[in-house]
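Peer 1: Sequence:
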Amino acid sequence: MREKLAIPEAEWPRAIGELCGLNHIEEAAVLSTCNRMEIYVVALSRQRGVKEVTEWMSKRCEHRFLLYDKEATQHIFEVSAGLDSLVLGEGQILAQVKQVVKVGQGVVGFGRNISGLFKHAITVGKRVRAETNIAAGGSFCEFGCCRVGLDEAP
350 MREKLAIPEA
360 EWPRAIGELC
370 GLNHIEEAAV
380 LSTCNRMEIY
390 VVALSRQRGV
400 KEVTEWMSKR
410 CEHRFLLYDK
420 EATQHIFEVS
430 AGLDSLVLGE
440 GQILAQVKQV
450 VKVGQGVVGF
460 GRNISGLFKH
470 AITVGKRVRA
480 ETNIAAGGSF
490 CEFGCCRVGL
500 DEAP
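Using this note's numbering, you'd call the opening residue of the sequence shown number 350 and step up by one each time.
Honestly, the hints are just simulated from the structure, not real lab data.
From the three backbone atoms N, C-alpha and C, an ideal C-beta is built for every residue, glycine too.
Some hints could be false.
What the hints assert, rightly or not - Here are the computed lysine to aspartate or glutamate pairs in the DMTMM-like style, where the Cα-Cα straight-line distance is at most 25 Å:
# : residue 1 : residue 2
1 : K447      : E360
2 : K468      : E411
3 : K419      : E387
4 : K400      : D418
5 : K475      : E358
6 : K408      : E387
Stated by the list, open to error - Label pairs and their in silico Cβ distance ranges:
#  : residue 1 : residue 2 : range
7  : E480      : G455      : 17 to 27 Å
8  : N482      : C383      : 35 to 45 Å
9  : G455      : I356      : 11 to 21 Å
10 : Q396      : A479      : 31 to 41 Å
11 : A444      : E480      : 15 to 25 Å
12 : L393      : V436      : 33 to 43 Å
13 : Q396      : K475      : 29 to 39 Å
14 : E420      : A444      : 17 to 27 Å
15 : N482      : V457      : 35 to 45 Å
16 : R461      : R397      : 17 to 27 Å
17 : N462      : R363      : 16 to 26 Å
18 : G366      : A421      : 40 to 50 Å
Please construct the entire structure, taking both the sequences and the accompanying hints into account.
Peer 2: Right under this line is the structure:
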């Protein structure tokens, strides 16, 4: 089942191209790991963009959830901080978020807004790890992590 959902890293540029080839999608990014497959987009029209991305995703999976604007931003911050991982604070996800930026460089459709979002998420993930003991398995307030990210968001 996970293999069906996953988009291998080598295919991320193609997926970005497909998404940006949709009429109302301007920018896109793919974060696909063993535990998640997430698509981030900048849409010219929320309603039409959601419809197009939902149709695109329906070819890959039956179940999905959508987040918009600040909720989507908060989610990628939580992901990069390790708050949305099977093991709280695990560090591999931050490396995977960094890989999204690396793979996206030079790909048409991995634009300024998406790139900026992911670069900021990397900063948030690093800061959370530096200023808390989350990676050591200690307690951490999820709100604090997101607040750090949202306070500094461009």
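Peer 1: Which hints from the list above does the structure break, by number from lowest to highest?
Peer 2: 2, 7, 8, 18
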